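Protein chains: 2
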Amino acid sequence: MAETPHFKRIAILGVGLIGSSLARVVRREGLADEVVGLARSEATRERILALGLVDRAEADPAAAVAGADLVVLALHLGGYEAVGTAIAPHLAEGAIVTDVGSAKRAVIDRLGALLPSHAHLVPGHPVAGTEHSGPDAGFAELFQDRWCILTPDAGADPDAVETVAGMWRAGGMMVEIMDAEHHDLVLALTSHLPHAIAYTIVGTATELEGDLQSEVIKFSAGGFRDFTRIAATNPEFWRDVFLANRDAILEVLARFTEDLTALRKALRQGDGAALHEMFLRTHAIRRGIIEAGQDQAEEDKRKDG
Amino acid sequence: MAETPHFKRIAILGVGLIGSSLARVVRREGLADEVVGLARSEATRERILALGLVDRAEADPAAAVAGADLVVLALHLGGYEAVGTAIAPHLAEGAIVTDVGSAKRAVIDRLGALLPSHAHLVPGHPVAGTEHSGPDAGFAELFQDRWCILTPDAGADPDAVETVAGMWRAGGMMVEIMDAEHHDLVLALTSHLPHAIAYTIVGTATELEGDLQSEVIKFSAGGFRDFTRIAATNPEFWRDVFLANRDAILEVLARFTEDLTALRKALRQGDGAALHEMFLRTHAIRRGIIEAGQDQAEEDKRKDG
Chain Z
1 MAETPHFKRI AILGVGLIGS SLARVVRREG LADEVVGLAR SEATRERILA
51 LGLVDRAEAD PAAAVAGADL VVLALHLGGY EAVGTAIAPH LAEGAIVTDV
101 GSAKRAVIDR LGALLPSHAH LVPGHPVAGT EHSGPDAGFA ELFQDRWCIL
151 TPDAGADPDA VETVAGMWRA GGMMVEIMDA EHHDLVLALT SHLPHAIAYT
201 IVGTATELEG DLQSEVIKFS AGGFRDFTRI AATNPEFWRD VFLANRDAIL
251 EVLARFTEDL TALRKALRQG DGAALHEMFL RTHAIRRGII EAGQDQAEED
301 KRKDG
Chain U
306 MAETPHFKRI AILGVGLIGS SLARVVRREG LADEVVGLAR SEATRERILA
356 LGLVDRAEAD PAAAVAGADL VVLALHLGGY EAVGTAIAPH LAEGAIVTDV
406 GSAKRAVIDR LGALLPSHAH LVPGHPVAGT EHSGPDAGFA ELFQDRWCIL
456 TPDAGADPDA VETVAGMWRA GGMMVEIMDA EHHDLVLALT SHLPHAIAYT
506 IVGTATELEG DLQSEVIKFS AGGFRDFTRI AATNPEFWRD VFLANRDAIL
556 EVLARFTEDL TALRKALRQG DGAALHEMFL RTHAIRRGII EAGQDQAEED
606 KRKDG
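Chains as they are written, first to last, in the working numbering: chain Z, 1 to 305; chain U, 306 to 610.
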């Protein structure tokens, strides 16, 4: 495994949950001489300075990336085009540009076309998060023992890819390289589809008459509250992800709808054997997740016990 | 509020997660002179005796309920009819029969017809649980600050209802009385629909080719693992719940499917404004749940902070 990289100047464009958590990692691990943060609002710029997350806070993308050897886009996917256009003429020779977006083919298509050939694009996706947002919600341990997926195109510079990988490893992540299309399909299923469904079911509940709605809240411990936790994350963020990964999400939605239709039919027919069979086959996946160490609550329990 | 009840003999029929947690509450609060547990397997009978959960472990329902002033059915809904038939001739004069089932109209119809008129039926549903099952998984705090719904019929004995309510309050529960039909609709939405969907989405994933499936497990932190946690609970239990509450579940599934179709359409059309609107309206419900104190993780965070 390569050494931990060191940067003269890291520009973090967007200092929300992910961006601020990365800034905390950069501080903790001493990954850069200088950290520059981009934030549109003055309040956020003041806050990230007060938290000590950055050395300099900029409102102008061009000023933020000037002289940076690493540029990290950590803003919503919907903002990539405008920011990409603004920073392109100001990127330093050999600068590495990476991102944290949850859809990758769209990023390569949009950003790749904008960047100058003397900059290296290494699209990335640290698969970690909470339902909270903003610079105060971040923490350096967010990435610990989670996966980061990098989706460099065939012609990408191997050193640039290894440098970005090294940065995420310093944050405690395990790094995997895969095709952008494959990433988009896997994430459509593991993340985007669950969010689509969580939003839908909570939406179904919000349309109930007032009396029933307050009872849904009261008795949510039965399973519903887990959906509301998933659905609580930032709506603008998710709108952008859905638009950027539309095709893959539509495909998994179609598969899911087929399976849900089969369950409805079994239920309507009172077919207990078919229901039992459906409910049984999910156990293997659950066991796999616990064994793969991807369930923190279970892991904590095992450590305590 | 009435006093905490005291029983000469409580018979707990089924000593799994809920039954054993209730037994622990009975011990902690000293609610009974004697606790009798019903368990079909000899291993479970030995285990519940070894854990000190019961004074006596029986394999025969008739022997378990003889002389008991309170009988609690804490087994799967599919076992109610056989056990109800077996215990009916042996219930003591004035015995209260209650249960913990997740569907209530079916319980009243099935059990109500079987019981003798000298026994009092008070159907109940403590809305609490974990993904684990069996007597070792139970703990007395499972019910703390959760809701218990009682659905007595119009002719039910008020003292018997109050006695059952007092028992759950001793376990830390808040008690609400409502119509069985209303309970079934609320729970179809807050609990049964989430489980139907969680099972379905995990099932969709299990049908993927091997390579993709192992990646789904690897990258499950993005939201998917929360579904697998919901879907991990006992398949027999859920088959019985679905069959017992079929009509209400089919109704909410129909509503959900309509809403999911609308989301798919918005996504296919690339309608960002419509997606944003859908994602926004869920925030109010989530806030309501946190304010109602039904999200333990959030509550713990607030206490720590």
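Worth flagging that the hints you see were computed from the coordinates, not collected in a lab. Note that the coordinates shown come from a computational prediction; the quantities given were computed from them, not determined experimentally. A hint or two may mislead.
[As the list claims (entries may be wrong)] Partial list, derived from the structure: chain U residues whose beta carbon lies under 10 Å from chain Z:
1. 364
2. 372
3. 413
4. 465
5. 466
6. 480
7. 482
8. 521
9. 532
10. 596
[To be verified] One-sided excerpt, in silico: chain U residues whose CB lies under 7 Å from chain Z:
11. 395
12. 419
13. 420
14. 491
15. 530
16. 570
17. 574
18. 577
19. 591
Just so you know, even glycine gets a beta-carbon here, dropped at the ideal spot from N, CA and C.
Hints, verified against the model:
1. 364: violated, 25 Å
2. 372: violated, 34 Å
3. 413: Constraint on residue 413(U) not satisfied, violated at 19 Å.
4. 465: Not OK, violated: residue 465(U) not within 10 Å of chain Z, min 23 Å.
5. 466: violated, 19 Å
6. 480: Hint violated; residue 480(U) Cβ to chain Z Cβ min 12 Å, cut 10 Å.
7. 482: Where the cut-off is 10 Å and the nearest Cβ of chain Z is about 13 Å from residue 482(U), the hint is violated.
8. 521: holds, 5 Å
9. 532: holds, 6 Å
10. 596: holds, 8 Å
11. 395: violated, 29 Å
12. 419: violated, 21 Å
13. 420: It is violated, given that the least Cβ distance between residue 420(U) and chain Z is near 25 Å, above 7 Å.
14. 491: holds, 5 Å
15. 530: With a minimum Cβ separation of about 5 Å from chain Z (threshold 7 Å), the hint on residue 530(U) holds.
16. 570: Cβ of residue 570(U) sits 10 Å from chain Z, so the hint is violated.
17. 574: violated, 10 Å
18. 577: Check passed: Cβ of residue 577(U) comes within 5 Å of chain Z, closer than 7 Å.
19. 591: holds, 4 Å
In terms of the numbered hints stated before, the structure departs from hints 1, 2, 3, 4, 5, 6, 7, 11, 12, 13, 16 and 17, listed from lowest to highest.
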